[in-house]
Structures are given as C-alpha cells and as structure tokens.
Amino acid sequence: MGYLIDYLNQDVRFEESLKACMNCGVCTAVCPAAEFYEYDPRRICDTVQRGDEDALEQLLKSDTIWYCGQCMSCKTRCPRGNVPGELISVLRRASQELGYFSQSEKGRQQTQLMNTLQRNILEIGYCVYPDRVDPDYHPEQGPVWRWYHQHIAEVAPRLGANYHGQGAGALRDIPQEDLDEVRRIFEVTGGMELRKRVTDE
Amino acid sequence: MKRYWNEYQKEIADDRYFYERSCIRQTFFPGSEAAFLKILREELGKDICDNPHQHTCTGIGYHSDVVPFDTTMTVVARLFSLMKECGYSNYVPSCVTSFGVFTEVMAKWAENPALKEKARQYLWEACRREFEVPDNIVHPSDIIYKFRFDLKPRMRYQLVNRFTGKPLRVVEHIGCHYAKIFPEQGIGKAEFPYVLAGMIEAWGGEVIDYPERRHCCGFGFRQYLVRENRGYSIANTKKKFESMEPYEPDFILTNCPGCNMFLDKWQYTIAEMERKTYDRDGYGIPVLTYEELTGLLLGYDPWTLGLQMHQVQAERLLDKIGIAYNPREKYAGSNGRMLNPPAKPECLLV
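Residue numbers (our numbering), protein chains in the order written: chain A, 1 to 201; chain B, 202 to 551.
This is chain B alone, in the form it adopts within the complex (with noise of 0.2 Å):
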C-alpha cells in the first residue's frame, strides 16, 4: 500500500508550549489533561505553559451559530494576546475543534490581512491588549506523536495481546476537525491521517483499517446539544460501529475528547435501546484518548487517568495488555474515601 502520509510532515515545534484548555476535555476527561502535561513535563522534561487568564476558544458556540466569527477571531486574538504575554509563540489548542478554529482564523487573516487588522481593532477596544500570531500551531497528539519514539523506551507495556502474544488491533478515529478542514495541517492529511496510527504502530499495536474510518463521529454541534435532535448523532455513530465491528477491534483510539465521549456513550445508549454491542461478548470496545493510551503503556494509574470515566469499561483490555490496576480503588475519591459504584446499565455488561 502506498504510504501517503509519508509524502507530507507538518512542522511541529520541540519545545516551549503555550496550552490552552479545551471545553469538553476537561469536562469528560480531565485526567488526559493531567496525563498530557505530566508526561510532556515529566517525561519528556518540555516547558509547556498553563496560563490560569485563559478561556474557551469559543468553537463549540461558533459551529452552533450563536457566536458570529468576529466575535470568535477576537476570542482567538485575546489567547494570542496571553500567549505573547508569557513569552511563548508555540500555541497548543487541546481540542480538535479548538484546532479546527485556529487554524480557519490563521488562513483568513493570512488571506485578508484587512480582517487581522479588523480584529487588532476588536481586541483594543475590548481590552485594551494587543497580539501576535503563534509561530506554530499544534494539536496536542501532533506533539505526543512527534515524541512517540522518545517515549518507547520509558513505556513498561506494549501494545500486544500477552495471552496470544499478538499485536492489539486498534481502530483510530480522526476528529473531523483536524485535518478534514485544513488538510496540510494534520500529519498525513484527511484521507490517510496518521497521527494516531504512528502511535499505535511504533507501541507495537496494528491499525484496522475499515471502509466508514473517516466518517464523522456524530456529534454535529447543535444535532447533539438540543436533545430533539440526537437520532442525528447517535445514528451515525452507529453506522461506524457497524462498520468496524466485523474487524473486532480490541479497542477504539481518539485523539478528539468529544469524539471519544461519543464513540463511548453511544454504545451505551444502543445497548440499552436495542440489546445490542459491538464486540462478542457484551461488553462494547473500549475507547481511550491518545493520553491515556500514552499514561497507561507508561504505567501510570488507570483511575489517576480517568478510565472509570468511561461508561465501556477498559478492565478487559487492561487484562490483555498485562496492566496492572487496583480493582477496589476504582471509585475511591481524592481523599481515598471509598464511593458507592455506578448503577449497573440493564444490558450493557459492566
């Protein structure tokens, strides 16, 4: 097969970051937050700045029309205006839709320097601050795959199935936003991103490859928010779980919070609907972020990485790769207090 991907690498800085938060990771996944700047910290021993007068991007607002796109590019302006504040000009937006509006607001003010100027204006009369634009923008997994060799050697577990000895087959899923809108942005383009396929590969897994791979996860901004209009999402959630399943993957890898939300709690949701998951045994394929995927192989805790956030639990995939974990302090709280599990679904098995 002909490896496309090799045919375009993106400029990725090496050090000296400016990172900005993301709405839906710290809201579902606030442990791969955690985990990301931990290893970059200590792992990889990179200065990566967490400025605390930072704020949305606005993006999730912006694709759900109730932010116009001025309004958005100033936001954007005043994240910039911080970053030249600390004195970075890396910039690393955690969300993939974050990216997805950097990036857009990057080309246009590249294509219409009038509309740069429009927005140098917005910023001072707001604020009274002034910005420069980033020399380089990233996604954080841009970042962990750029290091992806660094960290093998410091990783206590591969990715291989220790009661076959074979390499875990792992489905990837893209956000939309990462490289469908911008392609020369995302390593490997749109058609055959590889960002988080070089992960898997380099840690000994293998990528599935399946026909709806680059099909949206479903979560279609204002299709999933107003709760009248949900079918949307989950229906096409659904038709890429119909699609992978004949693969039976041993677990799905994001590198989008939301994308992960979704591709988790769907599965949920169609179990408890029609009785069905999309492994063998009931259970659903767990889903895990690039970060925990990354603090796990590492021989981080699971529970300190959040995966008792998932609603598919990872116990049996843990079980494969040979991760050790602690099942009683599962729902422990910070304090170590012990708390009541969730309820049981009805049919997803747990």
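So that you can see chain A by itself, here it is in the shape it has in the complex (with noise of 0.2 Å):
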C-alpha cells in the first residue's frame, strides 16, 4: 500500500466507507453538490479505490472534496453499502492534517470554519448562538433576524428561553465548569490538534 492509503486507513471510518465500488453512479445522481457543482462522487470513489498516489495527492490539494454537502444521500441508495460522503470526511480530515487544505480555495475556507464553529463550541458550549449570527453576515436571514437579534432580550423569555440565564432551559449560558471539560475533551481527543493544523496558532 501506498503511504496516502496507508494513512487513511488510520481512520476507522475508512474501511466502512468504501468497500468494493463498482461505479454504477447512483451516489451521482442523488447527490445535491452534483446537481450544483462540477462534483462526481462516483470519480472520487474511483481515485481512492484505485489506490494512484499521485492522484490521490492531487484530490486531497483539491476544490472537489469540499463541494459535498454531507447530507448523506449517497449512504441511502449505494447498492455495495459504501458511503461517498463518510469517505469525504475521511479525505477532508487527512487534507487537513496533511497541510494539503491550503493549496485550494474551498480547502481554505477551513481556516473561517475552524475561527466560528470551532470556537463556539469551546467558548459557549454550542456551534451556533443568536448573538454569533450576525444579521449583516447573514442578509439572507431576513428583516425579522435582524429585528430577533436587535431584542433578543425582549423576545426570547416570552418564547420560554433563559437567554444569558443560569441553569436549565435554551440559550442558557453553559457553566464554566462544563466548557472546561468540553475543552479538555478536545485537548484529548485531537480536536484541539486539528485546529493547530488549520488555523496555526
């Protein structure tokens, strides 16, 4: 095995993710970043189980990893049980531990997703927030975000949420305590290394 294969492997979602494909294209055709984009996720199939290093190489520095959509379609019909969308994120991974994410575009963009997601989960205990969903970020949110996120205050006890608010109940703020060990869990785990590796800090 080449040293590209060899290191996907590492991740146990590989295996399962692609077994024997045999190109039949159903994943093609269901699949929405296909319809979008100029996205095969049968050629994806076809790259790795070929096991071409050079090949291989040039699709993790790639665009087309990243146009998936990971809604999973794929895994519903694929008649072999493989799923192109798991393997994506086997790619994705390796692009990014790699280094190979910064030599395209849409890998790039990993650096913004690991600045917003990322760091809200470690800071506020949630990916998403209201307060981190800013209107002029999001035009496509509408007048009535804007007016949510202007009186939040006002508005979410009325629609039973403790916003800021101590103990139970929706966009509570997460004890201190909780965030610590969320952190340590990702200290542990890699996530915190993976972060290194995208953003450099």
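Please keep in mind that the hints were generated in silico from the structure rather than gathered at the bench.
Watch out, some of these pointers could steer you wrong.
Stated by the list, open to error - With a cut-off of at most 30 Å between alpha-carbon atoms, the simulated DSBU-like pairs for lysine-lysine come out as follows:
| no. | chain 1 | residue 1 | chain 2 | residue 2 |
| --- | --- | --- | --- | --- |
| 1 | A | K19 | B | K390 |
| 2 | B | K439 | A | K106 |
| 3 | A | K61 | B | K309 |
| 4 | B | K319 | A | K196 |
| 5 | B | K285 | B | K211 |
| 6 | B | K319 | A | K19 |
| 7 | A | K19 | B | K309 |
Said to hold, decoys possible - A few chain A residues that don't get close to chain B, going by computed Cβ distances all over 10 Å:
| no. | residue |
| --- | --- |
| 8 | I5 |
| 9 | D6 |
| 10 | T28 |
| 11 | R43 |
| 12 | D46 |
| 13 | R50 |
| 14 | E53 |
| 15 | D54 |
| 16 | A55 |
| 17 | S62 |
| 18 | P79 |
| 19 | G99 |
| 20 | D178 |
| 21 | K196 |
| 22 | D200 |
Ideal Cβ placement from N, Cα and C applies to all residues, glycine included.
With the hints in hand, could you dock these two chains into one complex?
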C-alpha cells in the first residue's frame, strides 16, 4: 500500500466508507452537490479505490473534496453499502492534517470554519448561538432575524428561553466547569491539534 | 399504494426521557423547544429531564470537518455520562443532525467494541467520567408521532380549511440525517418516512407527494456556513420549491430546525432576488415546525410558540384553520412592551 492509502486507513471510518465500488454512479445521480458543482462522487470513489498515490494527492489538494454537503443521500442509495459522504469526511481530515487543504480555495475556508464553529463550541458550548449570527453576514436571514437579533433580550423570555441565564433552558450560559470539560475532551482527542494544523495558532 | 411504513416500526420509549438541546433549534426556534417540553410534561404527563450541564453534540462542527470523529464520540460519551448521573436511559437529541450523530456513534461502537473502549478511556482521561449507552434513542418528532392519537382529543383545531371544509394540503420535509444514514432508525425508513405524515393524517390534513420530496433542504453545512458557498444552499432549496409549487401546498411541515429555517428564509431571499414566490398571492408558503403545529392545534398562543420568528408570515394559514390570535401582540416583548415591528421586505408580502 502507498503512504496516502495507509494514512487514510488510520481513520476508523475509511474501511466502512469504501468497500468495493462498482462505479454504478447512483451516488452521483442523487447527490445535491453534483447538481450544483462540477462534482462526481463516483469518480472520487474510483480515484481512492485505484490507490494511485499521485491522483490521490491531487484530490486532497483540490477543491473537489470540499463540494460535498454531507446530506448522506448517497448512503441510502448505494447498492454496495458504501458511503461516499463519509469517505469525503475521511479525505477532508487527511487533507487538513497533511496541510494539503491550503492548496485549494475551498480548502482554505476551513480556517474560517474553525474560527467560527469550533470557537463557538469551546467558548459557549454550542456550534451556533444567536448573538453570533450577525445579520450583516447573513442578509438572507431577512428583516425578521435582524429584528430578533436586536430585541432578543426582550423577545426570548416570551418564547420560554433562558437567554444568558443560569440553570436549565434554551440559550442559557453553560457553567464554566462544563465548558472546561468540553475543552479538555478536545485536547485529549485531537480536536485542538486539528485546530493548530488549520489555523497556525 | 403500498404502505411501506407499516412494515417497519421503531421502538420509542414511553416515558422518562433525557433531553438534549439543539444548537439550531434554540437559536432560531426557542418557542418550539419550550412547546415540546410543555406538551410532554403538561399534555402527556411525561418525565423529561433538561439537564443544565448539557452542551452541543458538535454535529455541525463534525460535518463541517472542524471536529474529528474521536472528539465527537467523546463529547457524545460525556452527554451519556450526564444522562447516567440523572438516572435516565432514554436519550432524546432534539436536532436531526444530533440524532444522526448519535445513531452513527452507537452504530460504530456496536460494530467496533474497541472504539467504544477508546471513548471510555478518552472520557476518563479528560473528565474522570464514566458512561453507559442509552436503552433507547429517539428524535422528539418520534415521540410526538407516538402520542399523536393521545394528543388529538385535546386539540382545539384540526388541519381542515374552515372556508372549504377540505383537509389542508401539506408538504412534509424530513431532515436528511433522520433516516438517510441509518434507515432503520426512522419511522417508515428513508424512502417513505412517516413520522410527519402520520401526524398530518391523524390531525385531519392531507399529505402531498411530490417529485423532490426527499431532496435535501440545501443546508450542506460548509455550503451554507461560508458565505461564498451559499449558492449551493439556495439552489437546492429552490429545486424543492419548484417541485412542490404545482401542488399548491397550504404549508410545509419539518422535523429538523435547520431545514425549517432554510425553507423559510430562502423563500424570502428568492423573492427579493427574483420577485418569485411559490404561492399564488406573493406571501410565500408558511413553514412550521412539528412542535409549532402541535401547539397551535392544542390552542397555544401563536406568538408564545414563536411564529413571529418566521420570515414567511403564518396569519393566512391561522385564518384558514380558524386559530384565534391577537395581531397587536405579535411583536410584544416579554414584559408586554410593544416593540417596533421588523422592516418589510421589498418583494415578499407580509
């Protein structure tokens, strides 16, 4: 086996995401990303299955692996039980760990995602929180979201939320000791290491 | 038509649930979450624990590839540890992405016991905690589905157009990760999921079948979260709207808070970009969460449920059903102070 295939094999998800693809293309037929981008999960499965190290390295350096929307419609339909969407996740992880992600425009977007999503998890305990959904960055959210964002302290309690409160309930502040445990999980399991690879922090 | 969903029914625990909060639902639809807990406790008399030490499952980060699988499965293990501490064994992740994450982690642990042992070691090293896997994991929509006929006698309204006497015509949209990853985890499996259709039919409505019924809402994680990629998201949602438009649905019902938000907000965006709506009159198709629908039919106040949080306004639908509401209270704060209403869109009628 080549270096990159061996590397992918270290991910527990690799073996079950790609067993023996017969290149039928059902995954591509049902794929929302294939409708929008020049994207073909069938070809990705084929490239990985062939084990051509040069082709695989080019794939990991390309925009292609970042087009998938992770809806997993491909899993339901594959007659061989493969999961192209999960294979993509394995490839993306390798691309980030090996530094290849920085060679594509879509790959470099991981820095931004790391600085929003992962930071949100570590700082507030949730991937998304209304204070951090800026109406100016999200014009598609429309005037109702801008209104809510502006008046949340008055509106959220009416909806049963515990906005920045203590104890249980939606939108509460999570106790620091719980956030500390989540951060420690990230440190122990490789979450912080991945962050370092992608952000240079 | 063959009723495939009758061939498969999943196990849904009767009582004593451990509730896990959704990042998206609490952000965009806190009223739906409150309604779900109220319905379980006050209408059905169930015990559901809302533990203050819970947190994200990391699902959005995991599927955006900024959280490794080992991290996600250990965060899941910590949440299971909280459940164990509280003495519960029926786990209820409230987001469809979360539901997918939990079913994925459970499946991997079942296939690979060494991986589960690794999660135990990680959790002990990081938090000095231990966990047990739940006896039962279900999505909240599964629970409402299970008790749909128990709720029906308590309902003040039905899904019937009071002007015509005919059933309301409803498009249902199931979040992809509810059953596409592990079909056996969804009521009716992936191709004919019945979790929302069962509610609609039980409560007097008619389910619309249309070609792109199973197409993704278009979220796509990084495809929406990064502004430059959002064309993917809106294009896929547009495909669904174009497919459902000829059937003239009265409203759309969802079981995933993210899907609900996209099906609502992209209607606004498409209207502003192309002066196009998918109803006849320019108001758009209202999009309800299943919790909002259940609460409305039970007679809960629409503004306490949070219907004012949607960009496509729901009053025309409320009028069709005959639901009473006070328009003056729509934009009131919790202290009763009247707030200035949101700005009006240029094209979408409100």
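Results for each hint:
1. A:K19 x B:K390: holds, 23 Å
2. B:K439 x A:K106: Distance of about 23 Å is within 30 Å: holds.
3. A:K61 x B:K309: Holds, because 29 Å separates the two Cα atoms, which is no more than 30 Å.
4. B:K319 x A:K196: Measuring from Cα to Cα gives roughly 23 Å; hence the hint holds.
5. B:K285 x B:K211: holds, 23 Å
6. B:K319 x A:K19: Given that 30 Å is the threshold and the Cα spacing comes to 24 Å, the pair holds.
7. A:K19 x B:K309: holds, 16 Å
8. I5: Holds: least Cβ distance 19 Å, greater than 10 Å.
9. D6: holds, 18 Å
10. T28: holds, 15 Å
11. R43: At roughly 19 Å from the nearest Cβ of chain B, R43 (chain A) sits farther out than 10 Å, so the non-interface label holds.
12. D46: holds, 22 Å
13. R50: Per Cβ check, R50 (chain A) is outside 10 Å of chain B; nearest 24 Å; holds.
14. E53: Its Cβ never comes within 10 Å of chain B, the nearest being 22 Å, so this holds.
15. D54: holds, 24 Å
16. A55: holds, 21 Å
17. S62: With a cut-off of 10 Å, S62 (chain A) remains clear of chain B, as the shortest Cβ separation is near 15 Å.
18. P79: holds, 14 Å
19. G99: Holds, because the least Cβ-Cβ distance between G99 (chain A) and chain B comes to about 15 Å, which exceeds 10 Å.
20. D178: violated, 5 Å
21. K196: holds, 12 Å
22. D200: Non-interface label stands for D200 (chain A): nearest chain B Cβ at 15 Å, farther than 10 Å.
Going through the hint list in order, the structure does not satisfy hint 20, though it satisfies all others.
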